[in-house]
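Q: Chains A and B, in that order, give the protein sequences.
Those letters in the first sequence? Residues 1 to 123, by our numbering.
Those letters in the second sequence? Residues 124 to 238, by our numbering.
Do not take every clue at face value.
Pair by pair, the computed Cβ-Cβ distance ranges are [to be verified]:
1. A:Val99 - B:Trp210: 37 to 47 Å
2. A:Tyr66 - B:Val233: 29 to 39 Å
3. A:Ala5 - B:Trp125: 39 to 49 Å
If you are wondering where the hints come from, they were derived from the structure by calculation, not from laboratory data.
Even for Gly, the Cβ is constructed at its ideal location relative to N, Cα and C.
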Amino acid sequence: MTAVALAVALGFAAGVLSGMFGVGGGILFVPTLALVLGLAQLEAQATSLAAMIPVVAVGAWRQSRYGNVRWSAALFVGLASGIGVGGGAVLAAALSEDVLRKLFAALLIVIAVRLAWSARRGA
Amino acid sequence: MWTFVAIGLAAGFFSALFGVGGGVIVVPLLVLLARFESREATGTSLAVIGLTALFGVAAFGVLGEVEWDDAVVVGLPATAGTLAGTWLQQRVSSRLLILLFAAVLLAVAVRLFVE
């Protein structure tokens, strides 16, 4: 129960940060699902994708009201992404849990450095 | 149009491999390759991620890897959180928060490496 309460709090925090900085919820969903709720790395990554659907739906709806969504481009990129997803999913399922977790940790470091760099420049 | 297709292929692959939306890839590529203005790139990427995540859930759902209860536990509060975050974005100074966020990500990365 306490793990669920912590996961709810971290989910909320992931949403706040994603709304503030435009970094998707996934980079916080995956560690929350893996470290707090105890999912395996591949399960956590798959579940993260399901969790972000309502988040980005709301985000896209709000941004479209500001005229910031180019729908035809989004459609082309989004539909083509389906083919990429197939390849990525096959690779993710073929890699060991340990390699997958370390790849994800490396991605976190890259994003952290990019965020810190943008703050340093005062962006 | 082929630029958009190429961006989509890269974003989908990245998204499925890491379990993230792919905005980290889509936003800079829309700016660099398709000459989008940055706010348009961010807004458009949200719509893209919606589709990418749907494809990802379909693919991993077939493999039996999606835990729906846990998706609801983090996804619903995050949906409320993103509304709060968009509101806060206009009102608080973000530099300290960004640095704090970056520090949290580094700590999580270390934790994942030793797990």
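Q: State for each hint whether it applies.
A: Consistency of the hints with the structure:
1. A:Val99 - B:Trp210: 37 to 47 Å: Check passed, 39 Å falls within 37 to 47 Å.
2. A:Tyr66 - B:Val233: 29 to 39 Å: Holds, since A:Tyr66 and B:Val233 (Cβ atoms, about 38 Å apart) stay within the stated range.
3. A:Ala5 - B:Trp125: 39 to 49 Å: holds, 48 Å
When the structure is compared with the earlier hints, no violation turns up for any of them.
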